[in-house]
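Residue numbers (our numbering), protein chains in the order written: chain B, 1 to 103; chain R, 104 to 206; chain V, 207 to 309; chain U, 310 to 635; chain F, 636 to 961; chain X, 962 to 1287.
It should be emphasised that the hints constitute simulated quantities derived from the structure, not laboratory data. Computed from a prediction, not measured in an experiment: that's the story for all the values here. Note that the Cβ used here is the ideal one computed from N, Cα and C, for glycine as well. Treat each hint with caution, since some may be false.
Said to hold, decoys possible - Covered by chain R, according to a simulated footprint, are these stretches of chain U (three or more residues, beta-carbon under 8 angstroms): (1) 410-421; (2) 619-626.
To be verified - Residues of chain V placed beyond 12 angstroms of chain F at every Cβ, according to the derived structure: (3) E208; (4) H210; (5) A234; (6) T237; (7) P243; (8) R274; (9) R277; (10) E307.
Claimed, not checked - Here are some, though not all, of the chain B residues that point toward chain X, as calculated from beta-carbon distances under 10 angstroms: (11) E14; (12) P16; (13) G59.
Each chain, letter by letter, is given below.
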Amino acid sequence: MEQHDAKRVVITIETPMQRRLLAAIEEAGVTGYSILPVIGGSGRSGPWSAEGQVGRAGGMVQVICIIRPDRLDGLLDGVFAVVERHIGVVTVTDCTVLRAERF
Amino acid sequence: MEQHDAKRVVITIETPMQRRLLAAIEEAGVTGYSILPVIGGSGRSGPWSAEGQVGRAGGMVQVICIIRPDRLDGLLDGVFAVVERHIGVVTVTDCTVLRAERF
Amino acid sequence: MEQHDAKRVVITIETPMQRRLLAAIEEAGVTGYSILPVIGGSGRSGPWSAEGQVGRAGGMVQVICIIRPDRLDGLLDGVFAVVERHIGVVTVTDCTVLRAERF
Amino acid sequence: MDGLLSLALTNLGSPLILSFVLGVAAALGRSDLVFPEAAAKALSIYLLFAIGIKGGVSVADHGIDLRLGLTVLAGVALSAALPLLAFQLLKAMTRLDRTNAAAVAAHYGSISIVTFVAGTSVLQTAGIPSDGFMVAVAAAMEAPAILSALWLISRGGGSGAQVDAELWREILLNGSIVLLIGAFAIGIIVGADGLAEVESFFVAPFKGALCLFLLDMGLVAGRGLRRSRDVLTPGLLAFGLLMPVVGGVLGAMAGMLIGLPTGSLFLLTVLSASASYIAVPAAMRVAVPDADPGIYLTLSLGITFPFNLTLGLPLYLALARMLTGG
Amino acid sequence: MDGLLSLALTNLGSPLILSFVLGVAAALGRSDLVFPEAAAKALSIYLLFAIGIKGGVSVADHGIDLRLGLTVLAGVALSAALPLLAFQLLKAMTRLDRTNAAAVAAHYGSISIVTFVAGTSVLQTAGIPSDGFMVAVAAAMEAPAILSALWLISRGGGSGAQVDAELWREILLNGSIVLLIGAFAIGIIVGADGLAEVESFFVAPFKGALCLFLLDMGLVAGRGLRRSRDVLTPGLLAFGLLMPVVGGVLGAMAGMLIGLPTGSLFLLTVLSASASYIAVPAAMRVAVPDADPGIYLTLSLGITFPFNLTLGLPLYLALARMLTGG
Amino acid sequence: MDGLLSLALTNLGSPLILSFVLGVAAALGRSDLVFPEAAAKALSIYLLFAIGIKGGVSVADHGIDLRLGLTVLAGVALSAALPLLAFQLLKAMTRLDRTNAAAVAAHYGSISIVTFVAGTSVLQTAGIPSDGFMVAVAAAMEAPAILSALWLISRGGGSGAQVDAELWREILLNGSIVLLIGAFAIGIIVGADGLAEVESFFVAPFKGALCLFLLDMGLVAGRGLRRSRDVLTPGLLAFGLLMPVVGGVLGAMAGMLIGLPTGSLFLLTVLSASASYIAVPAAMRVAVPDADPGIYLTLSLGITFPFNLTLGLPLYLALARMLTGG
Ligand SMILES: Nc1ncnc2c1ncn2[C@@H]1O[C@H](COP(=O)(O)O)[C@@H](O)[C@H]1O
Ligand SMILES: Nc1ncnc2c1ncn2[C@@H]1O[C@H](COP(=O)(O)O)[C@@H](O)[C@H]1O
Ligand SMILES: Nc1ncnc2c1ncn2[C@@H]1O[C@H](COP(=O)(O)O)[C@@H](O)[C@H]1O
Ligand code: NA
Ligand code: NA
Ligand code: NA
């Protein structure tokens, strides 16, 4: 099966910032992403869990973008502008994809 | 800790196709996978969110298979037959695992 | 955007062991992780699904740690002690991160 | 006509419809009000079980007669025939290709159980009785439409639809049908005495629970509309408003032929007028992946469902009353 | 015997049992009917809270006497002793190794709160009163069985069980116990007046809510059975049907010794006959990871739970009536 | 004073408060009792809808008068002014920097709808009527406090808060406000007749449902406290107990000026005394990410909410009675 190089960008961010992050992603010309729920975690601001929340203020989501390598810089710039002052983790991994025409 | 090379195959697919995808994976001789919920996303067919659904038609799941590198081609062939005409994203990443005897 | 090398460690483990795994992770000096729900899967002990459960005994979660490469061995040792006798899958992937000072 | 208007106003002023309107408004205003997916599913299980058991108990009370069989048959025939009609209308009114037109058509032959439930609620408010077996008719009308649509597609040649035994099992044993028919059977077995034991859970709070469910349906419909504005051509919009009326009239005529009383004739009208947005979309995603869900979901959930709920129900009730003199 | 049969039929024809049967049937037929996990958890919180508060209010009304203490003691003793008996039976009837046999045994010493709840429902239908403190007995019987099983394993040498203080805290403060005992205490404090305030939430709709919960339990049990057919040897199956009866008889005898009246003796029988499928499996996964959950979950949830619910309850009631002349 | 004590005891002995206490205790004891997130959200939708529709129906019954407008105005003024006061208190009592102090202050100007709901429940038990429009006052008080806090921050220079039109839309159309006001409008439209249709869902079971919700709030508050022990300096703790009383007294005085009767004056007191833990934290995360949620959530949810629920409510009722002679 033919595979093509791509980048897998995973952004873990607070739920209240989700809408803004997606807007930034789309502005960077990336229209493909998937959102996964995060039910708990820990970081510099201590541990939290979805069950320990009443509002959505404390929750997080994971946004995954599979992109062509040449779009990486544009995406990261846009994402960073949103994440900069907020908590959130951004990782980039090399991967390969089937059907490269879709990215 | 000793680590062994492996492949991490992630398939994002519509919920109505989940049963068929798992059958194809098993037919390819892969018996290990984990399923993660996807709560929203965007692609060529536009954005969607789990909260904007009444039925299961629109939802997606992420199926993750950790496999020995030599099983990759068989798995991708089987997966592709299911995903081909359907929406869905397939990525492959190199990784290492503990306890290689399990894969 | 400047990126830094890191390791992405993903541990899929039974819910009843979650608390012990997190304790082991923290003991290894790693304070950053995110927990994602797993809604089903299959392995040597056969297939399962979150909907087929009454208690939490059968469920699984995915714990993701992004760490500096030099912390990998310590983390894996701690994790392995917990996972050893239990079902659970551990994978390690190379990745890059923004804001390395956070890890 | 005056009666029709006041009927429409009564319907529009009921807590049920207002809850739906609130949901649509919140979604269009992009409020972050959301109904957890799990809660919506749990509510729909509750509603299906409640309506099923009540239908079964009513059948246990009144006995089974020939009407039941005839009405189920009529339902199956309507479900199978309406897609053919819808397909012709779509060819005439819109530019959809064969695949998309057939996929949309399937939805209009099948039914929306929530519209049905809202219909029973309208009957209850108006104090009109109906046959308990209409629940079974509803279940019987879910699937035949899918068959017709697949036939329409295969007739057109092309890559065709991918249908296997597994898909048929999924369609016929989908959760809603199993729950509806299962609860119906339970109702027949336990009868009025059995229902009395669980009345304060399944009967008394029913309407209030339906309010919250319709609030969620409103949110879903509103969000769907916001997202798919571009999809909606005038032709599609007109179809989404015309087809339920056409289907409803045919359903009412079938009810006349069988000699159904007002309440049941009304419900058969409602079933024929309503369009599926749960079972059929799932089947289409598997069997006809090339059809665009943006089109069929927007039509059935964004246009026809709100139309039926607000204006359709009083219209169909007036029609049923006129036809039966009830 | 005639009375027993009619009792069994009444039980089988109740909405509760039929809902369970519907769930099992849907799962065996591989319907995609699913109950959202969150809804099932919420329902179980509701049921535990309701049964706890009602028990507490009843204790507040009738006062505490020596019987309470004696029955709790009897419950603890039964919970600790039944695993030893179950272990011997398993050794005789099956080929399970020591670890798996002990893990299974733990489940049969502990209890199933849903079976208990269904038992109170049967009593209510039959119009037989019972002591409110039986809720506390249920809570007290959850954990001792685990201790016995761990002792059985450690006695056998080998790698042994991994038990630490943390695990004990988890077992003793597991959600069900805390909720049951907490609501029980609330019931004692607020008494009948306090209960009246929340009656139309916790009392009236209780049975209907239990229907939906049993529907889900049926789905879970049916799915479990489908998946683990291979695991079930004739010996295991026989154990899963025999052990509850043996446990129930011992529970009934203990109740006789204490002099419990019909209702409470019945409930002690039910608790002894029932097998855990929530607290004990979780504890076993942590402490005895080598034991196969496919075996103990299939037995307790797939065999013993359905048996108790359908045939066991009427049997135990007949037994309780016979023994107490009630 | 004797009356106050017995009032406090009645409140502490109600199933509502005891459920909350059970939740706190379970969390502090690190039980694994958890309430599924989806169930908590569904319950809060139910509670908001129920309280909104009841308020609307009551307004439909009694008509609208000048008092409504005046009270809404008073509410807005209190919401905008209390943060300024809170900010000064924080500067005097704690070492928080400007950003954190302003973020905390915002919470105390805004309101906690659950505290409000518990307040209406206390009124109902005491048999004291209140104005239905207090629901609208609650909604009106949610947002102004945020504005004041942002002004406090921007006045201090520095990087400042990031506020855009999008954020304002999110704040003003947040789910709770839309639901509360929407259900309130539905209540006004459908009136008492409409409410009667859904009474056995929205009215009768209300208190019991609130019990379960408070159980969850207790779990959340307890868990929050366990996690943030280190954050809580004596100064912060004192502020968390003092500020609600100060806010409450100001609210009561405003109510006196308008001439509100006992019940409504009590509710205005409760709103002023309560602190937000849903809408404001979300807004702060977006606009003032540098402020530490550990501080403001611990204070409002871990200290002030439990204080208000247990001791505050009877205190404010005694105050309201004293001031109005009611
Ligand atoms: N190293 C990490 N690996 C995985 N997730 C992390 C990591 N650091 C932070 N997170 C996630 O991001 C959230 C906020 O992190 P922080 O801003 O460091 O408090 C945490 O609660 C985790 O869910
Ligand atoms: N580039 C991508 N990265 C991550 N997820 C994607 C991507 N493209 C599509 N998806 C997911 O797959 C779904 C369907 O994609 P599509 O078939 O392009 O509409 C989307 O809604 C996303 O959840
Ligand atoms: N190769 C694999 N890839 C992904 N997930 C796996 C794999 N093997 C096991 N799992 C997950 O781990 C669980 C337990 O695996 P096992 O111990 O092999 O039964 C499975 O149910 C899956 O959720
Ligand atoms: Na139809
Ligand atoms: Na037992
Ligand atoms: Na306030």
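Hints numbered earlier in the text: which of these fail when held up against the supplied structure? 1, 2 and 7
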